[in-house]
Amino acid sequence: MLWLNRLIAGFSALISKRHKRAELNEELHAYLEAAVDEKMRTGISEAEAWRRARAEMGSLETVKSKVSAVGWDSWFESAVWDIRYGIRQLFRSPGFTAVAMLTLALGIGANTAVFTLVYGIVLKQLPIAHPEQLYRIGEGELYCCEWGGLQGTWGTFDYPFYKHLRDTDGSFDQIGAFSAGLRTFNTRLPESERTAQTIDGEYVSGNYFATLGLNAFRGRLISSFDDKENAPAVAVMGYWAWQHQYGRSVDHRIKVAGERTASSGRGNCTSRLLWSQVGTEPAGVVDSAKPGTSV
Amino acid sequence: MPAKGDLVQGTLEMLILKTLALQPMHGFGISVRIEQMSDGIFHVIPGSLFPALNRLEREGRIKGEWRSTENNRRGRYYTLTDLGRRALKEEVRAWGRQVEAVARILEA
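For the record, the sequence lines run as chains A and F. Each residue of the first sequence is one higher than the one before, starting from 6 at the first, in my numbering. Each residue of the second sequence is one higher than the one before, starting from 7 at the first, in my numbering.
A portion of the hints provided could be inaccurate.
[Claimed, not checked] In silico DSSO-like pairs for lysine-lysine, Cα to Cα no more than 27 Å straight-line:
{"no.": "1", "chain 1": "F", "residue 1": "24", "chain 2": "A", "residue 2": "25"}
{"no.": "2", "chain 1": "A", "residue 1": "71", "chain 2": "F", "residue 2": "24"}
{"no.": "3", "chain 1": "F", "residue 1": "24", "chain 2": "A", "residue 2": "44"}
{"no.": "4", "chain 1": "A", "residue 1": "22", "chain 2": "A", "residue 2": "69"}
{"no.": "5", "chain 1": "F", "residue 1": "69", "chain 2": "A", "residue 2": "22"}
No wet-lab data here; the hints were simulated from the structure. All values reported here derive from a predicted model rather than from experimental measurement.
Throw the hints in and build the complete structure from the sequences for me.
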């Protein structure tokens with residue numbers, strides 16, 4: 006409770022500063038007068054008594070400052086004075102102030118930038134169920150995409166090999182796959198007057214979303230049931246594209262036009278067809294639409 | 007050995023509490039009483055007395071109020087609070103332990 010009393014006393018001293026000062030002043034004068042009375046009782050003159058009493062008291066200002074230094078509020082008060090003094094000094098030399106502020110701003114900005122970078126690259130976890138259980142199969146640094154043709158030692162595999170891995174490997178719960186390289190698809194709302202818009206996407210295996218442990222924001226995601234011969238073609242739209250390009254349309258049936266690529270290894274047999282959007286990915290996963298297909 | 011007038015660190019507040027346990031007093035009365043009771047060994051100067059009074063009052067151990075003195079002047083009289091009474095008891099006990107300990111060391 007001692008600290009509480011000290012706290013309250015500090016606040017009340019701050020609030021009634023002038024009153025407390027006057028009171029202390031009066032009290033010190035009362036002390037002096039009492040001391041003078043006491044000394045005059047020994048028979049010395051009043052003037053001499055005052056002289057001695059003042060000498061014993063020392064400087065009144067010193068005593069006052071010692072008394073006011075007792076509480077935490079004196080620290081607060083001197084901090085306020087220091088800040089006011091500092092601000093005055095800053096206004097007095099605007100050149101220095103500008104340079105100092107610029108230095109601080111740049112320093113803080115640079116630190117923020119570096120941290121943002123480190124956070125994005127090192128600290129931030131992938132927004133999936135178990136990022137620590139996710140592995141990439143393949144070698145090389147540039148593994149995900151095919152930009153203008155295969156190069157070097159990229160870890161890309163053909164679809165039959167993927168199917169072989171998926172069906173025979175026992176060391177992973179799931180092995181999902183996505184196409185090397187982005188495709189452009191044309192998308193439009195059914196019965197819409199607007200022309201189709203192009204949107205980037207890629208082909209993914211039926212278990213792709215299950216492998217990442219994702220759930221649909223709306224509708225459903227592509228599942229392994231879509232990964233069957235003659236299954237209807239389906240697509241999943243990314244959250245960003247759904248929100249920004251389709252105004253959070255509640256209609257599931259956005260039409261996606263693209264090429265159905267035969268994956269059986271029988272060559273480049275393609276046919277134009279329509280996918281139906283079946284769902285929307287959760288927010289924050291990928292910023293581009295991702296029409297998936299069962300092939 | 008402390009010279010005349012020197013107080014052992016931290017004992018002034020205990021002596022003030024003890025003085026006020028007898029009767030309410032103003033600042034000058036306290037300093038005279040301490041001097042008398044110590045047979046003139048301790049001389050409490052205002053520069054130490056008033057900060058100590060302020061501290062004790064802030065902590066709620068004493069309470070000050072203006073009254074008229076025996077010489078028909080106004081004086082700020084300090085009274086011991088219940089908190090102060092308990093604090094005095096505790097400090098006297100702690101002081102006793104310290105004195106005993108120091109005595110034991112010196113006698114060894």
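Structure-based check of all given hints:
1. 24(F) x 25(A): holds (26 Å)
2. 71(A) x 24(F): holds (23 Å)
3. 24(F) x 44(A): Judged against 27 Å, a Cα distance of about 25 Å means the pair holds.
4. 22(A) x 69(A): Judged against 27 Å, a Cα distance of about 13 Å means the pair holds.
5. 69(F) x 22(A): Within the cut-off at roughly 18 Å; holds.
When the structure is compared with the earlier hints, no violation turns up for any of them.
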